Amino acid sequence: MQQFLDTTLGGLVLGAVYAAFALALCLIWRSTRIVNFAQAAMAMVTTYIALSLINVDVPYWVAFLAAIAAGFVLGAVIERVIIRPVEGKAELNAVILTLGLFMVLHGLTAITFGVQHRGFPAPVSTSAISVGDTSIGITPFGILTIVVVAVVMAGLVVLFRFTDLGLRMRASAFNGEVSRLLGVRVGRMLTLGWALAAAVGAVAGMLIAGGDLVNPAFMDPFVIYGFVAAVLGGLDSPIGSVIGGLILGLSLSYVTGYVGEHLAPLVALGILMLVLLVRPSGLFAAAAARRV
Amino acid sequence: MFAVEDLSAAYGPVKALNGVSFTASRGQVTAVLGANGAGKTTLLRTVSGLVRSTGGSVTLNGKDITRTATEKLTSYGLSHVPEGRGVIAELTVVENLRLGGLHRATGSEPMPIERIFELFPRLGERREATAHMLSGGERQMLVIGRALMARPTVLLLDEPSLGLAPRVVAQIFDLLRGLVQTEELTVVLVEQNARSALSIADHGVVLNLGKVVASAPAAELAADEQLRHAYLGF
Amino acid sequence: MERLSSFIGPLVRPVRSVPLAWHLLVGLLAFLVVATVIGSSSQYLQTRYAEMAFFAIAAGGLTLLTGLSGQLSLGHGALMAVGAYAATLVLERTGGETLADVFVALLVAIAVCAVVGVIVGVPAARLHGPYIAGATLTLAVAVPRLANQWEFLGGEQGLQVPVPRAAELPAWIQDLVWFFTAAEIDQYSFLAYLGWLLLILAFVALANLSRSRVGRRWRAVRDDDVSAELAGIHLGRARVVAFTVSAMCAGLAGGLMAMNVRLTAPGAFTITLSLTLLAAVVLGGLGSLTGALIGAGVLAFLPHFATDLGESAGLSATQAAEVTPVVYGLVLMLVILLAPAGIVGSLRLFLARSSLGSSTKEKTT
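Residue numbers (numbering that gives the first Met the number 0), protein chains in the order written: chain A, 0 to 291; chain B, 0 to 233; chain C, 0 to 364.
Since the hints were made in silico from the structure, they are not lab data.
Among the hints, a few may not be true.
Listed next, the in silico SDA-like pairs over lysine to any residue satisfying Cα-Cα at most 25 Å (straight line) [claimed, not checked]:
#: 1; chain 1: B; residue 1: K62; chain 2: B; residue 2: D201
#: 2; chain 1: B; residue 1: K62; chain 2: A; residue 2: T162
#: 3; chain 1: B; residue 1: K62; chain 2: A; residue 2: G165
A few chain A residues that face chain B, going by a derived Cβ cut-off under 7 Å, partial list only [stated by the list, open to error]:
#: 4; residue: L158
#: 5; residue: F159
#: 6; residue: D163
#: 7; residue: L166
#: 8; residue: A170
#: 9; residue: N174
#: 10; residue: L181
#: 11; residue: G182
#: 12; residue: R184
#: 13; residue: R187
Which chain A residues stay away from chain C? Per the calculated CB distances, all over 10 Å, these [said to hold, decoys possible]:
#: 14; residue: N54
#: 15; residue: A109
#: 16; residue: V157
#: 17; residue: I246
#: 18; residue: S250
#: 19; residue: M272
Since we're looking at a predicted model, the values are computed, not measured.
Heads up, the beta-carbon is just placed ideally off N, CA and C, and yes, glycines get one too.
This is chain A alone, in the form it adopts within the complex:
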């Protein structure tokens, strides 16, 4: 029973981070119809930037904000310079391009910082909380993780539903040409979409790194797990990304806890194939919006 509780709580924490990462992928998909396979590497880069700052005695939370800012800039530059030429072209091109970017970011970070594992601090304790004699399978950092992700999500909801900027971004994603006719600077909205997504990814990277070891490959599992979570929920649906992330986090936690950690990617593959073959647009596919 204790193990079940622990694995469930661990799964929720992991799921929260997958949710954030899947949200980032969803943001990019909605704005540019591209799956950004380099997202994980981008999050890794921003985390290393934060680590560099922390290593020169910059306070943790300042470094956290710096990572988010770096993500914002990185996402914007990448969209404007690298991705813009392939938007609207054959989807194969964007896939290959982002994969290439993944390798470049990965390799450059390894060259700059080396491949060894480095410790990453956490702002709060990463030891399991004890209530009396029993320890509950969640740490203060885990709780912080869930809170941060919830805040990010709330922020995005507010942005998209209640602000003019969010309206512009949604319109640009749904129908770029009509939006242009209405005066929306669609190009800028697309760049903003990537910038925002990269910022969210940066948050995910920081949450994974906290209290753990990082090396250039530490975000690599997210390449596939983030993708699976996003597809599970539906690439077009932000709510789906969150639910998909939670489901995936819990599933992988149970598999790792009860069966074997080496089977986790296989289980993820199984979930992915199940979704793609049974309900390809994801669990939360909105009623197919017809364009007229």
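Given chain A's structure and the hints, the job is docking chains B and C onto it.
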């Protein structure tokens, strides 16, 4: 005042517009007519900058807007309701309208959404509905309303009657005529349904294969049987 | 020149008109040239050539899959792993002492991968674009991890691969090699000859497939699947066949790789391997076997060159090793941005355009 002078555009080697010229006056409806493929839609898309012109000019109230970026045109007072209506299906009625008002003509007063609902009560009843749930006629009203949110002086409409029942077409055209008079709009109305268009137009321009073959007051065009048979299908 | 070609033409025409015969002839000549080159090369080069061979086999299958059939697969590293492990396990059982052992192991690798190819290919046939990319990428990560899970697959340390000693190969082979290259066959040259022999055979088979009805079906499905279906082509079947063929190539390549590296461990089959294969195929030009060969050459020769470059620029050994993936990544990005058709594709476009320009004016619709 809106003027197109010797405008040309091409899709690769195919010349879609070949030196088209006409003017549209304030407080008037200018119908642009012609068969399928005559270049009517291309004309509007070239004016809006979605298609690059290969020659000629477009002037709006004395300002040359030939090379202006598409996104800037609403701030100059030009609104284009595209072919197929261009409703953003995933957004609600209110959101579509709000979107239209975000980039209104420079120096103009914001248009209250309630005004649009006064003009189009049907939209008011369905204000929270997602746009894809609207009927064809309701969508047409929505996109006209959305265009009006930007306080345009010139309104370009591409085939508003497409796919709509005659009664609905008549309703919308009546509304349009009314708006032109009360708001002193300049309306350029591209239509394949020449009969209905001429019934509310002041002036008519007939295109064929990218060239202007006739430009005259609407009544004259409607009376010219030979012309009607040759280019307008009635 | 004209007289010469009008003389050779009729001789060659009967052979040219039968694609298989032509390909075999070209293959035979190619092998003779290659064997001569291998025979006179240093050990270092022979190892590189051997690597190039198995990379080319995998790349050849992948380029046909992606270029002709339009299915992007990022999981061919995993398929190579399957082939490698299958071959290794067979060699362990049989002892791996004779040439027959080698061929049995490779045949088993191909067969196992054929089965896996069908299993993966059937669901993959229904996916496209980023979905098949993501799914195959997940496969690429999931499969090698299975080796960590089960004992008999050797775990993290992997399995040793027994390979016949060159000195114990059949006498007729040793004599043949001595006759043609004036050198004794040794471990390095043996693997190079083996690799290239299999590469040429594989490419002959792939080239034939490409030219055949099967290949035409693949292209039809890739270009316009609605029309293809209306024309009576079974979409799923065509795609699965393409996937399976490419998987078999990957299996063969994996088996050869196992024999070259002498160790089959999960660490050799990272995401990077799959992406590296993709880089080779994209660089060469999707759908082109020649391009796959060029790409494979880059894969075999670049890493050492890049690492040396890195070390001479002052990087540590581990850091210098990271230069290679950066180069592959840049290759992927630059090719897509600047010359999406790859080397061979761009060359073909360039030649087509220049010949179009110089020929008499023709109306093109």
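Comparing the hints with the structure gives:
1. Between the alpha carbons of K62/B and D201/B the distance comes to roughly 24 Å, so the proposed pair stays at or under 25 Å and holds.
2. Note on K62/B and T162/A: the hinted pairing is violated, with a Cα-Cα distance of about 33 Å set against a maximum of 25 Å.
3. For the hint linking K62/B to G165/A, the alpha-carbon distance of about 32 Å lies beyond 25 Å, and the restraint is violated.
4. Hint status for L158/A: violated, given a least beta-carbon distance of 14 Å to chain B, over 7 Å.
5. Evaluation of the F159/A hint against chain B yields a violated restraint, the C-beta minimum of about 11 Å exceeding 7 Å.
6. About 6 Å separates the beta-carbon of D163/A from the nearest beta-carbon of chain B, less than 7 Å, and the hint is met.
7. Interface hint status for L166/A: upheld, as the beta-carbon distance to the closest one in chain B is roughly 6 Å, under 7 Å.
8. About 5 Å separates the beta-carbon of A170/A from the nearest beta-carbon of chain B, less than 7 Å, and the hint is met.
9. Because the beta carbon of N174/A sits about 5 Å from the nearest beta carbon in chain B, less than 7 Å, this interface hint is met.
10. The beta carbon of L181/A comes within 6 Å of a beta carbon in chain B, closer than 7 Å, and the hint placing it at the interface holds.
11. Checking G182/A against chain B: minimum C-beta separation of about 3 Å stays under 7 Å; hint holds.
12. Against a cut-off of 7 Å between C-beta atoms, the interface hint on R184/A holds, since the closest Cβ of chain B lies about 5 Å away.
13. Because the closest C-beta pair between R187/A and chain B is about 9 Å apart, greater than 7 Å, the hint is violated.
14. With a least beta-carbon separation of about 18 Å from chain C, N54/A lies farther than 10 Å from that chain, consistent with its non-interface assignment.
15. With a least CB separation of 4 Å from chain C, A109/A falls inside the 10 Å interface cut-off, contrary to its annotation.
16. Distance to chain C confirms V157/A as a non-interface residue, since its nearest Cβ pair spans about 29 Å, more than 10 Å.
17. Residue-level check passed: I246/A sits 16 Å from the nearest beta carbon of chain C, beyond 10 Å.
18. S250/A, annotated as away from the interface, keeps every beta carbon of chain C farther than 10 Å; the closest lies near 14 Å.
19. The claim that M272/A lies off the interface is violated: its Cβ sits roughly 5 Å from the closest Cβ of chain C, which falls inside the 10 Å cut-off.
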